[in-house]
Amino acid sequence: MVESNIIRRPVLAGRSALGSSITMTVAAPATRFILRLDPASASAVGSAGGFDVSGPINSVRGSNGKLAVRLGPNEWFLIVEDGEGAALEAAIAASLGDRFHALVDVSHRNTAVLLSGENVVDVLNAGCPIDLSDAAFAPGSATRTILGKSEIVLIRPASGDGWRVECWRSFAPYVFEFLTEASR
Amino acid sequence: MLLIKCPYCGQRPETEFKCGGEAHIARPEDPSALNDEAWADFLYTRSSIKGVLAERWMHSHGCQRWFNALRNTHSDAFLITYEMGKPRPAVDENGELK
Amino acid sequence: MSAPFRLPSGGRIDRSKPLTFTFNGQSIPAFRGDTLASALLASGKVLFGRSFKYHRPRGLLSHGSDEPNALFSVDRGPGRVDPNNRASVVDVTNGLTIETQNHWPSLDFDIGAVNDVLSPVFVSGFYYKTFMWPKSFWTKVYEPIIRAAAGLGKPPVAPDPDRYGNRHAHVDVLIAGAGPAGLAAALAAAKSGKRVVLADEQQEMGGALLHETTAEIEGKPASVWLSETLAELAGYPNVTLLPRTTVFGYYNHNHLVAIERVTDHLDRPGETIRERLWQFRAAEVVIAAGSLERPLAFADNDRPGIMLAESVRVFINRYGVLPGRQIVFATTSASAYQAAIDARKAGVDVTLVDLRTQAGPEKALAVSAGVKVMSGYTVIRSEGTKRVKALIVAPVDASGKVSGPRVRLVCDCVGMSGGWTPSVHLFSQSRGKLSFEAERDLFVPGTSVQAERSAGACRGTFDLAGALNEGFAAGAAACGSAETRNFSASPVMTGFKAVRVLPTDENPTKVKAFIDFQNDVTAKDVGLAVREGFHSIEHVKRYTTTGMASDQGKTSNMNALGIVADILQKPIPAVGTTTFRPPFTPVSFGALINLNRHGLFDPARHTPIHDWAAAQGAVFEDVGQWRRARYFPKPGEDMHAAVLRECKQTRESAGIFDASTLGKIEVVGPDAAEFMNRIYINAWTKLEPGRCRYGLMLKEDGYVFDDGVVARIAEDRFHVTTTTGGAPRVLAHMEDYLQTEWPDLKVHLTSTTEQWAVIAVQGPKARDIIAPLVDDIDLSPEAFPHMAMRSGHICGVPTRMFRVSFTGELGYEINVPADYGRAVWEAVYAAGKPHGIVPYGTETMHVLRADKGFIIVGQDTDGTQTPDDVGYGGMIAKAKPDFVGKRSLARPDCVAPGRKQLVGLLTENPQELLDEGAQIVADPNQPVPMKMLGHVTSSYPSAALGRSIAMAMVADGRNLTGKTLYITTPKGFTTAVVTGTVFFDPKGERLNG
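Those protein sequence lines, which keep their order, are chains C, G and B. Mapping of the first sequence onto numbering that gives the first Met the number 0: residues 0 to 183, in sequence order. Mapping of the second sequence onto numbering that gives the first Met the number 0: residues 0 to 97, in sequence order. Mapping of the third sequence onto numbering that gives the first Met the number 0: residues 0 to 992, in sequence order.
So here's chain C without its partners, still in its complex pose:
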């Protein structure tokens, strides 16, 4: 094979937000999949390739750094630390056997920003119109929604006080700048 030293060059590489009322960092590159699976199959298997697919719609389940965000009745967004996608794909496929599913690698489609701090909800609500209070969006919640003029996937993992904002690659500078401005 042609020798290569090409490494991933994420869109927000090197960005940082200063003087912000929240802590905002660019997430490390990740391996990501969209998994489409019938709800019945998901209930039957419980997990796929180590991803917990047992959660309800608009939840995030995670263990061992493997986040499984259920975006809809038959759609999961799987996120794991950047690594060997092909092996994961094989593992997921193996868990699902001949149950109908679709798995698409979207590792590079998205990028993510990590937020934490007391003011995260206020900052997000500068552009996100949904109720993000603990009562309505408890830790363990996640959803596709809007931030200003960009679509995002908002993830609030069950553990820790952090939030993860995923968006498409080309919207990342906008999302980052929006959050920066909203948190100034």
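Hints listed in this document are in silico derivations from the structure and should not be mistaken for laboratory results. Careful, some of the hints might be misleading.
Pulled from the structure, derived: some chain B residues nowhere near chain G, Cβ distances all over 10 Å [unchecked claim]: (1) Arg260; (2) Pro360; (3) Val448; (4) Asp767; (5) Ala889; (6) Arg890; (7) Asn908.
Taking lysine-lysine and the DSSO-like style, the derived pairs with C-alpha atoms no more than 27 Å apart in a straight line are [what the hints assert, rightly or not]: (8) B:Lys698 with B:Lys685; (9) G:Lys49 with G:Lys4; (10) B:Lys685 with B:Lys745; (11) G:Lys49 with B:Lys432; (12) B:Lys899 with B:Lys877; (13) G:Lys17 with B:Lys193; (14) B:Lys877 with G:Lys4; (15) G:Lys85 with B:Lys698; (16) B:Lys685 with G:Lys4; (17) G:Lys97 with B:Lys432; (18) B:Lys698 with B:Lys745.
Ideal placement from N, C-alpha and C gives every residue a C-beta, glycine not left out.
Assemble chains G and B onto chain C, guided by the hints.
Below, chains G and B without anything else, positioned relative to chain C:
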């Protein structure tokens, strides 16, 4: 900004949705069997009523599922939203769910 | 300058914090807590501006947000000049600079005041009647003059340096207004533990309690009860208090929008936002918006010094300012007696003139306080120009006619009250239906449409205890509780007699009794409008302009409505009200735009290769939200020269093009081919994995919707590409059919647009350039033919490599995961340099494809073309029983002869470039209107042909091949010959390299 109850995600603001026009207009099984008038009717004729209308909505910035809704086009009140494939809920003469 | 009208004590101002500001160049002292209005009155100023039409001297009418006259330009520094601020709501800050408006050369001497003398000319509908003829005068004479004279303040010229915020907030109970009713509602709601927001437009919460120095609540002075209540509310973690926050819009489904003024009251605003837009979604709303006092209509009721009676009381009690030393109150309302009593307590000479012959218990109280009360008197007119000097009053008999000699009451201030109008604005915006109480002459909230309830004065409950009780019950009910509370509170003076225009013995057509102060609309103007046939209140409003502009008729609506109803001899509900629209008070554009400006105005989408192109000096163009490199000029080159060079070099050696913005959709599942068959006109079943096909899709109406190359990755997996702009709508279109028409198909769709960077390498040297970078894909023409796709690696990273060509040359489109895109691009470019590779942009891409007659959906099509119209009819898989749009292709109109068809056009002069969009006719000498045959869709200078080429949609175009047609140019008609659309390499031999 309307508040719309996605059957899968619950109450969400209108900006997360797109409206797909009148519902319960099924694409004919065999379009070639329709005469020109019937096909034009399928393509273009919509009821456009003032009152309770069944509409298609998609939670495009959410679960991305299409669903149906009964909306009063005069008051903008949503009577109910329901999953694709389910029958249209009945409405009485006052425009309320039966 | 001193403040001679400041009382030695009293008021809520902080006398330990003196401030100064500048008013028309003059330094004015003030205290923290003052508004511009109170500080100016304290300094003895009463002339605050010139009226809109007649340039009459005007002072202050009100103390609140309903003020129509005193509009100032407020200067907070460069870029922070803001016109039309109401003096009564702007908090004084140190160093603020204020200018009055609508006068020239000065406030005291205003040339425009000649309009007042000419006023018989300025009747209702003046503009409509006067500036009709001659027609040619409109644009050249009338409009420029009217525009120069119109308007009040001047818009700022410098960019606004301030920042503005936005907050979506979900609350259980939103309470609009923090007067007695709103506070009581908050007390009730707070205990529920639910999320409660209490918003109030003023700098301090309390509403009427802020100037209540007489009444007691729960046995305490109102001010004590107020501060205890606010402290109690502040102690609830579930309650948010938002002072300086106006709920200005009530929209669908309890979406209410408010503006919070964050820094305008601060001397040094610092770095924070100036204003915040709140977008509430409330489960329940309590409207406690209070009420607005009605002015009285009498001749010259607009002279400076004449203000609303309650405003006199507010300035004395809340700000410690005397609006005058000799005050006359003119009233038809009990509440003015309390104002008179409070003014008398402040030590000035007070007379009260009441049109009513029978007053309530308030009369005895006023008399005993030392107020001279004249019952059964009307006001004939005022005297004075820049400040009121006297009020001329006269007795009336039981029928309301003037029945005795006039009396001249010398004064320097008049407080007038015609009663009260509930502020039903928010209720009405919520689409609630108003009901009219004829006996009390009040529009009050009737039938609710949304989850809201009104309490207090805004629903006609003017009594203090009543408002508190009602507010509490409303707050409890908003939380689902039936709890009530009986507050003890002093009785207050309520009740009024509604009178539209005060009786006079003067000719009513000769006097100016103002109804709408901001728009200079008088009672006779409204009357004239009705007599001229404008019987709908909405028409009267537009014809006379009453109720328009920044105050939206807060003080004028009821009087105008009453006059119309009286003339028409109809009950008020039959005349109806004008529509209450948001915003309740003016809102800055900055707050409405909030974060959405500069770089955040719209997302600018960049490809992974963008920064490389920018560094190379590329010129970009917007394609939707994408910024795409349009061409790469060398020093001294214009677009034309750069594009010719890029085209030439690509066809001679190779070009490299960033196609990353192409939409991409992964179609996966056992029914994927069947799904593709139904969506596209083409056949997909037999396409082998590893092969590509150009796909064309229609909408159900049979017209071309989108196109793109599709590769079959595996039996159950397709890699679909779409146009750049079409990506979202194509995915939505596919999802729609999949979910709603064919839910039985086992297929799923995923957008992969941004997963892949796409590097197009096109030209005879393309294979040679990429060969050294690839070792697990056999690039030989036999192993990797045109319209094939291979998976493998390039530069060591995974790729889906397409052998496709949008140029007619040997070409590859190299898909690599986006984060590798830049590095692979640079590697390919480096490898291509020895071969003479050239980076090219969208403009060259357009020319190269036009050489080959490839269409661009959206440029050569406009949503009314069938596949046959663009010459692609042969792609239709006729054997397929159905696909989206198929049935429509058989509609009579789609098969009728003479449809417009895509053809090539070659100008007779090979260097002449047709205009895209230019119209085409067969005979330039036919009479106008000519029969248009079609229009030019694409037109370029072609490097390959050394001449211009064009494509056009022309009626029956293919049958006109070889014919000469006439095309419009800015200078007249030119000629071109109809040709086929493939201009270059018609046999496609260059695809082989």
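Going through the hints against the structure:
1. At roughly 23 Å from the closest C-beta of chain G, the C-beta of Arg260 (chain B) stays outside 10 Å, upholding its exclusion from the interface.
2. Listed as a non-interface residue, Pro360 (chain B) keeps its Cβ farther than 10 Å from every Cβ of chain G; the least gap is roughly 46 Å.
3. The non-interface label for Val448 (chain B) is inconsistent with chain G: the shortest C-beta to C-beta separation is roughly 7 Å, within 10 Å.
4. Against chain G, the non-interface label of Asp767 (chain B) holds: every CB pair exceeds 10 Å, the least being about 44 Å.
5. The claim that Ala889 (chain B) lies off the interface is violated: its Cβ sits roughly 8 Å from the closest Cβ of chain G, which falls inside the 10 Å cut-off.
6. A cut-off of 10 Å between C-beta atoms contradicts the statement that Arg890 (chain B) is not in contact with chain G; the least separation is 6 Å.
7. At the 10 Å boundary, the C-beta of Asn908 (chain B) stays outside the reach of chain G, the nearest C-beta of that chain being 45 Å off.
8. Pair hint Lys698 (chain B) plus Lys685 (chain B) holds up; C-alpha atoms about 24 Å apart against a cutoff of 27 Å.
9. Note on Lys49 (chain G) and Lys4 (chain G): the hinted pairing holds, with a Cα-Cα distance of about 21 Å set against a maximum of 27 Å.
10. Distance hint between Lys685 (chain B) and Lys745 (chain B) is fulfilled; the C-alpha atoms sit about 19 Å from each other, no more than 27 Å.
11. Between Lys49 (chain G) and Lys432 (chain B), the direct Cα distance comes to roughly 19 Å. Compliance with the 27 Å bound is thereby established for this hinted pair.
12. The straight-line distance between the Cα atoms of Lys899 (chain B) and Lys877 (chain B) is roughly 22 Å, inside the 27 Å bound, and the hint therefore holds.
13. A C-alpha spacing of about 32 Å is found between Lys17 (chain G) and Lys193 (chain B), which places the hinted pair above 27 Å, so the restraint is violated.
14. Restraint check: the Cα-Cα separation between Lys877 (chain B) and Lys4 (chain G) comes to about 43 Å, which exceeds 27 Å; the hinted pair is violated.
15. Taking the CA atoms of Lys85 (chain G) and Lys698 (chain B), the gap is about 25 Å. The hint holds against a cut of 27 Å.
16. A C-alpha spacing of about 43 Å is found between Lys685 (chain B) and Lys4 (chain G), which places the hinted pair above 27 Å, so the restraint is violated.
17. In summary, the hint linking Lys97 (chain G) to Lys432 (chain B) is supported, as the alpha carbons are separated by about 25 Å, within the 27 Å threshold.
18. Restraint check for Lys698 (chain B) and Lys745 (chain B): satisfied, since their Cα atoms lie roughly 22 Å apart, inside the 27 Å limit.
Hint compliance for this structure: hints 3, 5, 6, 13, 14, 16 are broken, all remaining hints hold.
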